[in-house]
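First to last, the sequence lines map onto chains E, V, X and B.
Residue 523 in the UniProt record's numbering sits at position 523 of the first sequence, and the numbers go up by one each step.
Residue 15 in the UniProt record's numbering sits at position 15 of the second sequence, and the numbers go up by one each step.
Residue 242 in the UniProt record's numbering sits at position 242 of the third sequence, and the numbers go up by one each step.
Residue 236 in the UniProt record's numbering sits at position 236 of the fourth sequence, and the numbers go up by one each step.
Since the hints were made in silico from the structure, they are not lab data.
A couple of the hints might just be wrong.
Computed cross-link-like contacts, BS3-like style, restricted to lysine-lysine with a CA-CA straight-line distance of at most 25 Å [as the list claims (entries may be wrong)]:
1. E:LYS420 / E:LYS469
2. E:LYS420 / B:LYS10
3. X:LYS87 / V:LYS206
Just so you know, these numbers come straight off a predicted model, no measurement behind them.
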Amino acid sequence: MRQRSGAIAAGLVWGLGAALALSAVPMVRRWRKGQAKPVDMVRGLAAVPKRYLVDVHHAVERRPGAARMHALVAGGTLAGTTLLAAGIVSAFRNNRFYWASVGVFFTTAIAGTWLVRKRRSPQKPSYLSGGKFLWLPYALGAWNVGGSLLALGQIVGAGGVLFSAVPLFLMLVGGAGIVVQVARGPMRHAFSGVTWLAAHSRPERFGGGRSTELRPLDLAAPMLGAMVPSDFGWNILASFDACIECGRCEQHCPAFAAGQRLNPKALVQGLALAARGEEASAYTGSPAPHAPPVAGKGSLSSPVIGVDGMIHPDTLWACTTCRACVEQCPMMIEHVDTIVDLRRAQTLMLGEVRPGAAEALRHLRESAESGGRPLSARADGLAGENVPVLEEGGETDVLLWLGEGAYELRYARTLRALVKLLNMTGVNFAILGEAELDCGDLARRLGDEATFQMLAGEVIDTLGRRRFKRIVTADPHALNVLRNEYPALGGTWEVLHHTALLDELVSAGRLKLDARTLPPVAYHDPCYLARYNGETDAPRRLLAACCSQTVEMERHGRQAMCCGGGGGNPVSDVDVVERIPDLRMQQAAQSGAAIVAVACPGCTAMLEGVPEPRAEVKDIAELVLDAVVAV
Amino acid sequence: MKAIVLLSAGIDPVSGRPAPVGGEVRAIGLARALGAKTLIGLHAGASVPALADYGGYGLKEIICLSGGEHDPVAALAQFLIRASNVSAPDLVLAGTRGCGGADTGLLPYRLAEKLGWPIATGIAAPLEEQPAAGRLALAQARARGAVRPVHVTLPCVVTVSDMAECVPSFVFADKRAVQVRDERAERTPQGEMEEGLLRPYRRRPKLISAARTGGTGGQLLVDPTPEEAAAAIIAHLRSLGVLAAADEASSSKMT
Amino acid sequence: MSGVRHRRHPRAERAARVVSGRTRPRYDMAGGGADVVAPSGRRRRDPRNERARLLTTGREGRPRLVRAGLSKLAAASIATVSSVSKKIRIENPEFLIAVIPDMIDGRLDRFDRQLLGAARKLADAGGGAVVVLGARSAPPMHETLGQAGADRVVLTGADGSDPEARVDELVTLLDRLPPRHVLLSESEDGADLARRLAARTGGALAAGVEVLGARQIIRPCGAGRQERASEPASLMTLAPDRIAAWDGAEHEILPLEIENVAPTARNRVQVGALRAADPATMNLGVAPFVVAAGRGVTDFDGFRATVAALHATPGASRVVCDNGDMPRTTQVGASGTVLDAVCYVAFGIAGAPQHLQGLGRVEHVVAVNTDLHAAMVKRAGLAIIADAQHVMPVLCEMLAKERQA
Amino acid sequence: MSANIEALFKPLRIRNITIRNRVMSTSHAPGYGKDGKPQERYQLYHAEKAKGGIGLTMFGGSSSVAHDSPATPWNQVSVVDDSVIPYFQQFADRVHGHGAKLMIQITHMGRRTRWDTDAWLPVIGPSPRREPASRSMPKEMEIEDINRVVKAFADAARRCKEGGLDGLEISGAHGHLLDQFWSPSVNHRVDGYGGSLEHRMRFGIEVLSAIREAVGEDFVVGMRMSGNELLTNGLSQEDCIAIASEYATRGLVDFVNVVGGQARDEMSHAVSLPNMAFPVAPFLHLASAIRREADVPVFHAQRIMDVATAARAVAEGHVDMVAMTRAHIADPHIVNKLAAGRADDIRQCIGAGYCIDRIYVGGDALCLQNAATGREATMPHDVTPTTGPKCKIIIVGGGVAGLEAARVSALRGHDVVLFERENETGGQVNLAAKAGWREALTGIVRWLDAQVRKLGVDVRTGTEATAEMVRIEKPDVVIVATGGAAWRGEVEGADLVHTTADVLSGAVNPAGSVLLYDEMGQHNAASVGEVMATRGCLVEMATHDRLIAQEVGTTNQPVHLRELYKHGVIMTPNMELREVVREGNRLVAVLRNTMTEEEEERLVDHVVVECGTLPREALYMELKEASTNHGQTDIPALLNGVTQPAVANLKNGEYALFRIGDAVAGRNIHAALYDALRLCKDF
């Protein structure tokens, strides 16, 4: 009996394995309806363990409780179950040490299972989903308790109903539950997650690398962007299934926090449900806040955006492309790529953009400037500073890219400070003057790839006709496009953020600063500098050198919260409950900062737009200029 | 209904880069609002890349009359007369004026004259109630948001107001799908040339009068009862015509 | 420069003051009689009455002070009031300049006057006369037209309801004149009519002329990035507010022998009556009828109700906007919105200079104010010295009653 | 904020220079010149505007090119020899250091100056016609004089260029030699320089041609001129447009700087420097008309005080550069505040004309509402926080002295409480502003009040402070700014008269006949006379001075006189009020002629007097004994700009006491503000 129950248990494991494998078949079949992507699956699969243990865990670890839970339950269950599968070999079955090991693993898993249950009990946190998650701990518990009991019986040599029938029954029930969870429930992430990790669309991200640039679209393709789920790459479809609904994206999404009709988790789940042909009601997490109702139906081949579809259009335009969700996602899902793909179809195939955005895009097409302002007016704010203009065929060391912000009175002040610093230190620099067009960032984030490529082509041509060593810009959005997105279109330059250049000048001793006595200063990281480009240190070094007292907001560095100014959100007439910059300035106030240091024209405009009383907003260049004691 | 939209190769007033003319974009929108089934763009001149943008606003087909730039009215009229033999257009729509050339806004009028068609001008939208076939009821846009109903016999030329809100959205996929077809216009002699000297525009201020604070005296009521005061105000406003008569006021409320 | 001048003889004035030989002569400032000597023995003077007693009428209606005293005045030295201002007559013009004004509602508006100003420039450069076509009103209009610079008037019959009939009539009349230049306004109606005329006659049109002289006109073209300077064209439209209205002496309208044309309807295009937009949501700068609140208003809900009842667009003074009682977009004044309204009603607004500047080209002002001396009262065509706060509710009530009736 | 504002921030390129924005200050004579040179005070005054973001500042109104146009009368700049060049260089460096451009006005004033100063040379002009304003009768210029002056202009222009200035304008406005030639009201010559407009323009053409030859192509040369002399027989608007167009077409000028009117007598002087009685930008239409016809940039100043009007003038294209000259005297940091979105912090010029009125009596230009202007070396425009200990400062009185003391103290970082017994701050200025066209005075209070509240001062209006209330606050410093109370003077029967303050406050509302007696010669009596006359009173205004409103400056007094004449007020100078007695229900006022001592009477319904104010000092006296300094301000410390010793050496529980403004002695708004700023900036 005792011997037999061991063998049955091993058989059960194999049976479970088979059932799981079978459950994956429809999933794989569905994914194959997505677009083919050149992915080296063999190398990808080989890399999975490392990707899982390093990169995924790095993200999971940001919630220590979840990491513990996951390590115990996944580790225990997988190890116990795998070991039990080896029980097919009778030699093992006779070994007490073997059973002791099985018992230890399953007992560990029981502890983990208890933690799984505790997550949603007695009260489910809002960021977590319910539904099948609610009985998942019982299925796991049945399986693991069964396994433990069985092992205990084997060790102590006891048999009987308690140590053979009961454990086997528990394992049978638990196993069936697990099969249901994997085939039709959140546990599918075990399989889809592995697939996605192996076939990730940005493998460069693994091992601490960065890959944030949007990829060019073939403008001759019949379908531009994604209108229906099957327009996505097959691996992207897998990534939707890989979502474990942990809600970290939701917790970090600035639009969600401000009640702006976007919940990245609900978005990914909406896409996954649409792809599976399930109804929206199957989703049990928080919805996109205040989003108007939609039909909530979908299929692989029906439009996913729209009131008849799965996701309301407002959701798309609320995204600031800040990448906070992507940064947080333990499954490394690419929310921003997804949103931009969806926007591309809306913009390029349907012309469905918000009136404000349509106006901006029209200006970009017709006058190469999003406000329809004369290109010659861009440098107006620098008129008193005698900045040379780099003409065609000319040469300089540093080409200063002014960006869209230069038109604003406020940011012109920052640029003046920067120009003064460059003049002080004798840096040989110039601007493009009237030849500087919009870099195309806004068009691209709004999904208008056609206008982006048109502008990028002209800009690359303009830059190609001038000689310079590197480009410096105070606009992280322009920096991101010039540095990361133009290479794919044939333009590669060394591009520096102005804080990096100033930091370089200070460390080279060309600029001497004296920390001024100021009230506490907090640095607000621009998304496109910190998350997109990983630059968080140079600005902080500069601040430390020019202000007596710095503080950090709770969310800073790569975890910083967006100001709300990116991704075309400000021109998209987004319905607002709260304004994102208001939330950010509240966070600044909580940190005790009286001055918020910024390094981006978008952040400056958004944060200064917050009604007073609020902290003063100053660009790092301005703070540095005030602190200069010698050059 | 078959409609032709007259297209010109315009420029953006700020940057000077080639750009579609706002009025012509609105003309496409108005044609759609009028329920035009067939919608063709017509350009007197050889095709230029910027014309494809009109495709983005909803034109599937654009015909360019190469050589027509010498005398656009003649070229367009010839084309339209020829087209009438096959399937006559009911409607020719145009913007109020071009953007980048002489910009006089005279072309649609001349074309209507040449075709012997009536012309309805400054139109913002169709009226809700349409008359029997063969006529069209349109809303002419007037300053301060006012409108004037215009009834016109088909076939006709219609110019679209720059205040019209019927701006179609721009769809890149449609732009790349547009068929721009070159058709040789019959050789026409060079039309009249504008005389004078062409030079960069110098912006001149509009007239302003001398600032003044005082004024001439008028009717004066000292310490009237509120009733007297109100009655005087109402009577005065009525005499100026700014306050509708009581019966008009109630009837205007109903419309 | 006002035409009133005072003629004074300081020595005579002094002499006239000497009244009595008392040590301290007296005058009564408020009294109407001669200087008096006070009980104290001091001279008691009333300088105001001293002046009044010596005042008579001088030349051209100026006040004249006769220091020697009026009683000594010879009747002959009283100047006869004369100078009837002379009208300018152009009897045998070298050529004609035709002007076709819009004359919306039969009135000559600012643009029409500018048109006549431009026509005068062209006419006066060579002894021409200005002919107005289209004044459909009775003779009293002649005076206004003459003041605006017209020499002849041709009455036309067709109105704008059938634009083609109107063009037919004008083309015939112009053929009969024929003028050297025809001028219209680049306004909504003028622009349309000018183009219809050009298309019908096949002539050229200089549209939207911004600079006009006898030898040269300049008009923008090329998307407003270029301009074309040329000789004045035979048919021109004038951009609004570019050429000053005639501010010289009145012209006399002389009769013009011309056979009138009976317009025949074509009925291909029919233009109906104007339907106005909702004033409540209209942009203040273009609103035709603005009702504004100032310091004298305290109940702003009541004010808004009044504005709504009048079908007007709401406005406010700076103080009211400073206090946040009305949105900043409603501020009227040099530092707010400058109005272009036909009528402006000011409730409780005294009329600071900056506020009055915001009235820009407002034609008619109604002031309701407690201060008789307020600048707004001086500016008003109808001024009511009363508490705006009491008048508004009654006004509302009356309008509501009318509506019910 | 108006959408036009951006238009102000558009750079303007003229010849070889780019001006960073469209806001400028025109050349004027602040009276800061010293020995004919623009020295430190003059330079700092303009450098402050440059620091404040202005695009172009022009200095040296009426800088002279020749000895017979002396620089002495208004402490102007003399460009007659090379000794001025180093000063120009230093000046230019200072202004360029802040990114602004610097230009000068050079001129020959012709008959519009005095012969009885340094060189005692006769004044010259195109024709011997006396100018009422300068009271000078010129010598008719001979051809040699013309050639000499033309050369003098050219030499002076060369000096300006060598001095590193960015450009210059010659003046043909305000009746200088250039427009003396243009104007048929002055020029009666029969040679080639007189007669037709073409001939009258010749002198200017020769001057400008000689200047261009002297300075070469890389130097901006402009011209200031009138857009309409508003004078019978003067230059009409058409004449002025013709002159501007002709000079522009000939390429002689790179800009024209347009003014309205001229300044050859008292009223026209007041009109050309319009004060608060005038509408905003009264002559913009003249500049606009020239801008329409002449193809050169147009500059224009004249009562453009608020940024909205300035922005509108530029945005609508009426002018290319908008000059806010007096506006910058009130606040030299207009542009920076505007660019920083702090338009509400701009201290807006109210058009009091105090600056200009001072220089016409030989003084230096000072701002009625900004005591730092013209004192940049000693007084801060930006008050910086103290590095010393923070004090508790109690200020009693919310008039302008108290408000300024509160503002400055709060900016220094102190804890400030302000008591005001009325329900609103402003004190006597509120009263003064009730008089006719003086309403704009409220602007002074409005700005101070808003600043004080923004800075978090604890403003307790409707609270009359007592010594006890002050002590409870445990102050370190107490400043008494309780102002003054109107005085009835020493006339016999003073109990029968009212003061002007009684009339303005509404305490009395005289009707019938009124004798208004003015002992001060200031604005108060004249404006109250106007107020009463507009209310229908029969007013006679008597004063012991030689003139009505004798102490009021040249841009304001004519407006008072105009209004008084207009309203039929009888003006009786050289009379002293001796006695008032009741006779029946009327009053008899006894006046004595100050020259002949003859007495006469007026039988009137009311007598109103203006005899100034006496300090309200009761609270000060009560607090004085317990204070460490017995209420005395240490004058050397005050003058040397160091912290008052009483404040520097304060011990716990003690307080120092000061009094400022009219609470010390009745003076004016500027004195009150200067008292406060000077004292509090060092706390």
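Could you tell me which of the hints above the structure violates, numbers in ascending order?
3
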